[in-house]
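Asker: One letter stands for each residue in the lines below.
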Amino acid sequence: NAGVMQNPRHLVRRRGQEARLRCSPMKGHSHVYWYRQLPEEGLKFMVYLQKENIIDESGMPKERFSAEFPKEGPSILRIQQVVRGDSAAYFCASFSGGVSNTGELFFGEGSRLTVL
Amino acid sequence: KNEVEQSPQNLTAQEGEFITINCSYSVGISALHWLQQHPGGGIVSLFMLSSGKKKHGRLIATINIQEKHSSLHITASHPRDSAVYICAVHIIQGAQKLVFGQGTRLTINP
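Here the protein sequences line up with chains A and B, keeping their order. In this text, residue positions in the first sequence follow the numbering used here: the first is 2, and each later residue adds one. In this text, residue positions in the second sequence follow the numbering used here: the first is 8, and each later residue adds one.
For reference, chain A alone in the conformation it holds in the complex (with noise of 0.2 Å):
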């Protein structure tokens, strides 16, 4: 079992292009949680995601910014026309619970945004 995902770990955009995140759940997880880590700051939530749902997308941006997570294939979180602000540290945690039965989380190592 490999972990959780990420990729790119390292990911550098100009301004006004698109940057696209991936993150590969531990096997068997159907949850997927998307942070968001300024320099020096905290860890934000941006959006949790079942397979092919999203459930609260309440910190995410209204505008420019997307996640998806099918029914194959890795969860992706999308930034359109990226400003020098999106620069940041993307994490992906995923845990195998529902709502009552949370379960543990297990983070992937993070995809670092540069936005020239």
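Some hints could be false.
Here chain A is said to cover these stretches of chain B; the calculated rule only asks that three of the stretch's residues, wherever they fall, bring their Cβ under 8 Å from a Cβ of chain A [said to hold, decoys possible]:
| # | stretch |
| --- | --- |
| 1 | 45–55 |
| 2 | 105–112 |
For lysine to aspartate or glutamate, the following DMTMM-like pairs were computed, each having C-alpha atoms within a straight-line distance of at most 20 Å [what the hints assert, rightly or not]:
| # | chain 1 | residue 1 | chain 2 | residue 2 |
| --- | --- | --- | --- | --- |
| 3 | B | LYS104 | A | GLU73 |
| 4 | A | LYS45 | B | GLU24 |
| 5 | B | LYS61 | A | GLU105 |
Everything labelled a hint here was simulated from the structure, so no lab data went into it. Please read all numbers here as calculations on a predicted model, not as lab measurements. We put the CB at the ideal spot given by N, CA and C, even for glycine.
Fit chain B to the supplied structure of chain A, relying on the hints for placement.
Answerer: Chain B alone, transformed into the frame defined by chain A:
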């Protein structure tokens, strides 16, 4: 006011000291996690608690649901324990959103 508050924000101690990090929350929760983030950025889950107390090696975590408070203790602290320790709670309403405290930066000097 944040839903999850940690204290202290920064803590420096000498090797061997007993360390306590506190987490208070203001919402109903189904579970609480203690996480460790090392300078390289990787995050590791230390404990998940919904009641009582858990122990793993030199780490002890407790939670008091009535008082909405949890503590993380480190006995016989060591420089390799230096990291940011983060408290995170699953909010019980709606969709089990996970909310983080701001973290406690711990430095253990030899």
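Asker: Hint by hint, where does the structure go against what was stated? Just the numbers, ascending.
Answerer: 3 and 4
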